[in-house]
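Using the sequences and the hints, build the whole thing.
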Amino acid sequence: MSAKGRKTCKNQTSILIMEITSLRIKEIQEGFAKKEFCAKDVAESFLKRIEKNKEIGAYLSVFSDKAIEDAKKVDGLMAEKKPLGILSGIPCGIKDNIMVSGQKCTAGSKILENYIAPYNAGVIDKLEKEKSIILGKLNLDEFAIGSSGEYSGFFPIKNPKAKGCVPGGSSAGPAAAVAGDLCVFSLGSDTGGSIRQPAAFCGVVGLKTTYGRVSRHGLIAMASSLDQIGPLTKNVEDAEIVFDAIKGKDNMDATSCPDVKIKTPKKFKIGIVKEAMGEGIDKEIKEGFNKVIEKLSKENIEIEEISLPYMEYGLACYYIIMTAEVSSNLARYDGVKYGERSEADSLIETYFKTRKDFLGKEVKRRIMLGTYCLSAGYYDAYYLRALKVRTVIVNDFKNAFKKVDLLMMPTTPTLPFKFGERTSNPLSMYMADLLTVPANIAGLPAISIPCDNINSLPFGVQFIAPAFHEKNLFAFGKVFEKL
Amino acid sequence: MLTKEEVEKISQLARIEFNSDDIESMRKDLSSILDYIEKLKEVDIKGVEPTTHSLDIKNIFRKDVAKEFGKDLLNLCPQKEGRHVKTKPVF
Chain A
1 MSAKGRKTCK NQTSILIMEI TSLRIKEIQE GFAKKEFCAK DVAESFLKRI EKNKEIGAYL
61 SVFSDKAIED AKKVDGLMAE KKPLGILSGI PCGIKDNIMV SGQKCTAGSK ILENYIAPYN
121 AGVIDKLEKE KSIILGKLNL DEFAIGSSGE YSGFFPIKNP KAKGCVPGGS SAGPAAAVAG
181 DLCVFSLGSD TGGSIRQPAA FCGVVGLKTT YGRVSRHGLI AMASSLDQIG PLTKNVEDAE
241 IVFDAIKGKD NMDATSCPDV KIKTPKKFKI GIVKEAMGEG IDKEIKEGFN KVIEKLSKEN
301 IEIEEISLPY MEYGLACYYI IMTAEVSSNL ARYDGVKYGE RSEADSLIET YFKTRKDFLG
361 KEVKRRIMLG TYCLSAGYYD AYYLRALKVR TVIVNDFKNA FKKVDLLMMP TTPTLPFKFG
421 ERTSNPLSMY MADLLTVPAN IAGLPAISIP CDNINSLPFG VQFIAPAFHE KNLFAFGKVF
481 EKL
Chain B
484 MLTKEEVEKI SQLARIEFNS DDIESMRKDL SSILDYIEKL KEVDIKGVEP TTHSLDIKNI
544 FRKDVAKEFG KDLLNLCPQK EGRHVKTKPV F
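Chains A and B, in that order, are what the protein sequence lines are.
Position one of the first sequence corresponds to residue 1 (the numbering used here), numbered consecutively onward.
Position one of the second sequence corresponds to residue 484 (the numbering used here), numbered consecutively onward.
Be aware that a few hints might be false.
Chain B regions said to be covered by chain A (calculated; three or more residues, Cβ under 8 Å) [as the list claims (entries may be wrong)]:
| # | region |
| --- | --- |
| 1 | 494 to 503 |
| 2 | 507 to 518 |
| 3 | 531 to 544 |
| 4 | 562 to 570 |
Don't read these hints as lab results, they were simulated from the structure.
Given the structure is predicted, the values throughout are model-derived calculations rather than measurements.
Note that CB positions come from ideal geometry on N, CA and C, so glycine has one too.
Shown next as structure tokens:
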């Protein structure tokens with residue numbers, strides 16, 4: 001339905017709220033241009049809907065007054081016909097591990113419960129420049145560690161599209177907020193699938209960007225060689241618009257890169273990853289994915305089976321590299337420089353007690369594993385070996401992209417699972433990232449796009465492109481989502 | 484399987500206090516994850532260079548210029564005195 005079609009509901013306030021909150025970016029901009037509603041109307045509609053849907057647990061904090069104030073400023077600019085940004089008046093939610101100056105930034109952890117961000121993340125500066133309206137901060141698994149939204153230090157997040165099921169993680173709030181029409185788009189972070197996996201579980205689009213494409217400045221670090229910020233949206237076009245707004249070099253992130261020009265093929269050749277249909281993948285997912293392949297064949301899209309022989313080692317490799325970096329990055333939470341502190345008799349006891357009292361169980365588990373892998377005598381056997389296997393996996397992808405433009409596979413090995421189903425067995429929880437981790441290891445861009453539900457549950461398909469080829473993900477993704 | 488002593492040693496290195504129940508559950512969890520990680524031994528890595536991160540970029544330099552930081556940063560620490568972060572004595 002277009003923005004115009006929804007205008008008929010204008011006299012029925014509650015319907016109008018629902019209608020506005022379900023719009024895409026261009027539909028809202030169309031509504032502004034036609035004066036069907038103003039930025040303040042849009043911001044208010046979302047704030048009301050957030051208030052009514054608190055049980056989803058998507059937001060940790062809501063900036064009601066600031067959002068209305070910012071929206072009014074956009075309305076003022078529109079009235080005076082002054083230049084606007086590409087996201088003017090478009091409301092968004094931000095994962096609470098990305099800093100918004102002067103606002104709480106908890107990273108979903110009790111240890112940062114009262115931490116106030118002293119500066120803006122690079123991506124927030126960019127969103128503010130484009131005049132997007134930030135509605136608030138979104139809930140997550142503590143320090144972006146988790147695959148189900150159950151490890152938030154505050155409260156778990158519910159899946160608006162699958163009753164009784166987890167929303168996925170760690171960008172659980174960002175995925176649930178977009179799925180529940182609690183923002184137009186959100187920003188999440190993806191270290192091993194934390195944008196794509198919850199996007200697939202909640203039936204929305206999720207983009208992990210090329211490593212270095214989007215600034216990590218002001219993102220609370222989990223595993224620095226893998227972390228990337230990216231958008232979660234209702235369709236591929238919105239993902240492209242938000243990506244264009246947040247990408248680019250930032251001097252505050254030494255690994256961020258300038259724009260690269262790439263070629264978009266007229267006809268795409270899609271590689272179906274053979275190994276993503278093997279061991280550890282549920283029957284329902286295989287069946288659903290086969291239907292997607294049939295659809296592509298009917299549309300005369302060229303497909304070829306591709307083998308990534310080392311992909312199966314991705315998860316083991318990831319759990320060494322990631323935990324090693326986590327143990328190092330999270331050493332800063334010592335009760336001295338910021339965050340909470342537990343009082344003890346000596347400095348060393350303060351460290352031990354603070355970290356015992358304020359860090360969650362899964363976070364401790366990963367710090368312990370990473371510490372072990374980096375400890376004297378084990379470094380070569382675990383960490384160095386993992387870095388070498390990483391090279392082998394990177395080469396796997398390089399070889400594949402000599403033959404095809406994009407790789408396709410299911411985003412997740414299973415459909416959304418139930419609350420509590422995997423919390424008692426950490427390894428079973430880790431398996432949820434089996435198909436998303438390889439793109440992080442190789443630093444490649446990847447997008448999860450929702451397909452037809454399976455047994456009434458959301459199901460996502462993932463496309464992976466060569467580094468810096470996001471444009472090709474969008475170009476093919478826009479065709480794919482209409483099939 | 485990790486021993487109780489090994490887990491206690493890791494907890495010392497990681498600066499996290501655990502009670503004996505936690506040590507036992509951590510021992511089981513870490514051991515099962517390490518068993519899974521053993522899988523990497525199947526890969527032939529002879530002559531393979533390590534990848535520390537995926538970008539092929541070299542050192543990035545900028546001018547070493549001191550910048551003023553806001554007092555906000557200092558206000559974030561749990562305890563301070565004047566312009567200093569305060570802790571228990573180190574020695």
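Margin query: When I compare C-beta atoms, does the region 507 to 518 of chain B have three or more residues closer than 8 Å to chain A?
Written below: holds (count 6)
Notebook entry, point to check: Do three or more residues of the region 562 to 570 of chain B come closer than 8 Å to chain A, measuring C-beta to C-beta?
Noted result: As far as the region 562 to 570 of chain B goes, the hint holds, because 3 residues have Cβ atoms under 8 Å from chain A.
Margin query: Taking 8 Å as the Cβ threshold, is the statement that the region 531 to 544 of chain B is covered by chain A upheld or broken by the three-residue rule?
Written below: holds (count 10)
Note to self: Count the residues of the region 494 to 503 of chain B whose Cβ falls closer than 8 Å to any Cβ of chain A, and tell me whether that reaches three.
What the structure shows: holds (count 7)
Of the numbered hints stated above, none is contradicted by the structure.
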